[in-house]
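Engineer: Protein chains in written order, with my numbering: chain A, 1 to 487; chain B, 1001 to 1271; chain C, 2001 to 2440.
Treat the hints with care, as some may be off.
One side only, chain B facing chain A, incomplete, derived with CB under 8 Å [unchecked claim]: (1) N1070; (2) V1100; (3) G1107; (4) M1108; (5) F1110; (6) K1112; (7) N1114; (8) Y1126; (9) G1127; (10) R1180; (11) A1181.
Note that these hints are calculated values from the structure, not bench results.
Ideal Cβ positions, reconstructed from N, Cα and C, are used throughout, including at glycine.
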Amino acid sequence: MSTTILVLIILALGVVGWVLGNWRARTSVNGKTSALHSRPGYYGAYVLLWTTLPALLLLILWSAISPTVVSSMVSSRLPETVLAGPEQTRALTMSTIGMIEKGLSRLSSEELDKTADPATDVKALLLSKGVPLAVNPEPFAVDAARFQLAVKNSSQLLLTASALGLSLFCMAFGFFQVGPKLRSRNAVESVALAGLLGCSMVAILTTLGIVLSMLFESIHFFSMVPITDFLFGTVWDPRFSAAGATNEAGGQFGLLPLLWGTLYISLVALLVAVPVGLFSAVYMSEYASSKIRLTTKPLLEILAGIPTIVYGFFALITFGPLLRDAGALAGLSISATSVLTAGLIMGVMLIPFVSSLSDDIINAVPQSLREGSYGLGATQSETIKRVILPAALPGIVGAILLAASRAIGETMIVVLAAGIAPNLTLNPFEPVTTITVKIVSQLTGDLEFNSPQTLVAFALGLTLFVFTLALNIYALYIVRKYREQYE
Amino acid sequence: MLNVQTSEIENRAVKLGTTDGTKVHAKDVNVYYGDKRALFDVTVNIPDRSVTAFIGPSGCGKSTFLRCINRMNDTIPICRVTGKITIDNEDIYDPSLDVVQLRARVGMVFQKPNPFPKSIYENVAYGPRIHGLAGTKAELDHIVQTSLEKAALWKEVKDRLNDPGTGLSGGQQQRLCIARAVAVGPEVILMDEPCSALDPIATAKVEELIDELKQNFCIIIVTHSMQQAARVSQRTAFFHLGILVEEGATNDIFTNPTDKRTQDYITGRFG
Amino acid sequence: MTVETAPMATGTLIASRSKQDIQARIAKRYAAERRFRAYGVSAILFGILFLVALFSTILVRGYSAFTQSAFTLDVNLDAGAFGSSSPPTESDLLMADYTKLANRALFQVLGVDPANRADAKAAAALLSANADTQIRKAVLADPSLIGKSVQLTLLAHGNVDSLMKGQFDRNIPEGRRQLSDKQLAWLDKAAEAGFLAKHFNTGLFTYGASSKPETAGVGVALVGSLYMMLIVLLFAVPLGVAAAVYLEEFAPKNFLTDTIEVNINNLAAVPSIVFGLLGLAIFINFMGIPRSASLVGGLVLALMTLPTIIIATRAAISAVPPSIREAALGVGASKMQSITHHVLPLAVPGILTGTIIGLAKALGETAPLLMIGMVAFVVEYPKTPIDAATALPVQIYMWATAAERGFVERTAGATLILLAFLVCMNVTAVILRRRYERRW
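Assemble the whole structure, with the sequences as input and the hints as a guide.
Structural biologist: Listed below in structure tokens is the structure:
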């Protein structure tokens, strides 16, 4: 019985449990439901939870543990030669066995019996069932696969029996507890509260998942390429990943050219976004009438809602060529994909980000400071420049840091507009490449998961994550401190 | 030298163009917030070099009228002012008059102390800087020192001029705000309930300060506290529901009010 | 000297300065004020101008993608083309030489002699390579057509399409042109006679990936995006609302709660590409879900959308005044009941708005999908969330990097479709907010 069907059956049992619990609660007080501690529905839910939760927990645990158990049982039956061999061969053997087992599971029982005979052409037989094998498997592999299939089948059978048994047993347990005195609502609500807490933990789990997965793969990468070569290398030339090649023969993985490109483009972007965003925020909050604010603010915020791929496309087909032609007119050689193209477009993307954050922050500056300044005969711009902006400075710095973190992690604009050449150049008219561009280019196309060419993407991702995390946490801290100051 | 001073004073008197010493004159002033009328035909004369108190229950329009005198109401978009207010016979709502210059002449101190988040020195130097009153650093230092002295704060802060103004106690902050207003060299100082956020001791200090400042400035103070009005002011105006009910020497108002509403208010029947 | 340090010292500073001095200074200050204001206005204008430039460029480049040139031809489906058996077997129907049928029909109207090999080749190049599939589809749908002459609308080649849309430069010397003079003459004649015309491009919405621009469409990508949006809804909304309810209503002030809050705020700012790496490492490598599956894409996007939904839901919940909660508690409801019966229903508009905005963000997200193999050449509609799929923005990315000229128009057209979806979603969100916004 497949796991999906098992889950469905358990859920169906849960519904039965609900009906039973509800019914028992009503009959226990002869229909006078006001005599119950809780509404009858809560008794139903109480039995339902007993019916489903323990069984589903068992199911999850079983699914998590059983593959490890099965594979250790199977590998213990492999011949000495394989067990003594290098880890990679062993992994390969195990995956071959997995493929054979997948094929065997599609055979009828007579065909399956035939495979026990070494003379049978297993490869052809499996191909006819839609499972292609690279080579004709060795008898021990077929044998191990048959064993694996048998173990898996019995494991599934055991699971089905124990899960259904547990479900029924717990249903009965819950059912017989139902009575007018049972505080079923409190019990159900505690389970619900635990569920809510579990849902909020997803945020922590996600962060943990990000950190662990990247750390794990990066460590794998650094076992092939020394970490100092990565961090301080000035040449990025990973070569292409040759299939099956896991040695460090190919490529240099210097982070510096990518980091430089990332920071350079982000700097250009901030040079556009900060003044424009700040001035529009100031105008919006200090000068504009509410009518103008109501129309222009959403207009600017549209810029934030446009997907970055659209910005990238615009840079690729219109802005880049435009800049190149304009440069040619002025006698400058600007390449269509360049620091300037990517930086300017990214700057525009960041405008609403800077402006809406700054707008909030400027609005948080107390009105009394404005009045104090006007009362001394300051003009509006003097008040803004000398009182409001200095007072809002910490918050604005926080906003700029958040924008910088956005710029560093931005992908699609730079993929389409920055170029792919890793360049350590100061010339803004030349193409450079960034960390995100290289993550994309190392991970699209065919993957050989154990090659440094692929794994380097995770090291790059970790670098990116650490950078943005530091910026975000510091920026959020500043902004929070700032808000507290005026609350 | 003495001659110079006397001629200066004569000049000022000539400029005033008044012999009774009226500094601020208001005639038929009405204020509207959108459709709502907040002040009704207020007419009043306010003398120079004395303290005038505006009293009245909450929402009676006393603060609104105060804010008309340095046109702070301009910062509220829906607010409209009609009528005429003059300072030294100069119409302050004349379109050719510059509001920035007006506010340099008419300083203001607010209900809650609102020092800028800058150093004590920078707080006081702010006004002189934007108006370009000091040519050199020494002149600016001088203005800051005399202003702080006038606000009776110099002794307490002279060793920590670079500390943030927001770090002072509430009473000190309010005196800093007074020093800030004085530093621009105003002729009139408006105070909008300057002691309402202060404890009694700080209040006493500020009141003492007001008493000294009146020798040089025309001071108008809005207050909730009748005792305070009685203590610091020479003249008192009583506002009720947007109407200036009665105005006169403080002693007369408190001992012998002519209007029934004034009497009710000062005897504590309402408000 | 004593006089100068008299109390009026600062007052005299103003008095002592000449009127001209003061006037000049005021004028300067007001000039600075005007300049400052001008900076503000130009900053806003800059943003709006860019917006206009962006939209108009994409509109100008993309509107033509919604029409497609096609020949309307009388195709003679004579029985001889379908093998010897009568009626033809299914394999006859599948294997018949439809290209020949299409070419024959075209030669007839253009007046091309099939025996002239060069002419025939040049004329055949005017039809899309997909023309045979179109005829086959018609025949498979209705085998009774065999033996008759049927009028069919067959796609023209991409070059013909650019000619019809005026994107083709006839002034380039013939040798370097995609279409020869002879072909141009045929096409002019065909257009004049009316059997070559532009039609509404339904293919753009139904086709999948293709190496030929005229048969490339966003249909498959739309289905992939739809699957992902459903998965986001299914996962992110219940999780997000539950987390928000917990944090806003139940969470005690302790270390765990603080950690959760910091994590949520931080996840909202983690680069999207990092989520892609997470998906690759956890969902594909560790859990073994196939690459390119919309399930993986949906899960990654759901994790990305989660913070948005949590933050929006918390705002909506905290906007419900405490008096409502107290009223419910006052009549003996449990805290959980007061929330499910009163607070959540009142917060629904806010939650919906946040959800729609989160979905709109997820719909336009590209970078994480590149990581999990959604950059795939998918021709077939995915039937389940585990089948290989692609997404609308990824399709735009793939076309944007395609070399062929015809794809620029397709890219812009697909961008317009994406933007249209986003506009609809955001407008819905704004309307919801306006209509149900309550001021307590």
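Engineer: Indicate, hint by hint, whether the structure satisfies it.
Structural biologist: A quick look at each hint next to the structure:
1. Checking N1070 (chain B) against chain A: minimum C-beta separation of about 7 Å stays under 8 Å; hint holds.
2. Interface hint status for V1100 (chain B): upheld, as the beta-carbon distance to the closest one in chain A is roughly 5 Å, under 8 Å.
3. Look at G1107 (chain B): its Cβ gets to within about 7 Å of chain A, closer than 8 Å, so that hint holds up.
4. Taking 8 Å as the C-beta cut-off, the interface hint given for M1108 (chain B) holds, the closest approach to chain A being about 4 Å.
5. Restraint check, F1110 (chain B) versus chain A: the minimum CB separation of about 6 Å is within 8 Å; hint holds.
6. A cut of 8 Å between beta carbons decides the hint on K1112 (chain B): the least distance to chain A is about 6 Å, and the hint holds.
7. Interface restraint check for N1114 (chain B): the shortest CB-CB distance to chain A comes to about 4 Å, inside 8 Å, so the restraint holds.
8. For the restraint placing Y1126 (chain B) at the interface with chain A, the shortest Cβ-Cβ distance is roughly 7 Å, inside the 8 Å limit, so the hint holds.
9. Contact between G1127 (chain B) and chain A, as hinted, is supported at the beta carbon level, the nearest pair being about 4 Å apart and thus within 8 Å.
10. With 8 Å as the threshold, the beta carbon of R1180 (chain B) comes within range of chain A, its nearest partner Cβ sitting at about 7 Å, so the hint holds.
11. This hint holds: A1181 (chain B) has a C-beta 7 Å from the nearest C-beta of chain A, less than the 8 Å allowed.
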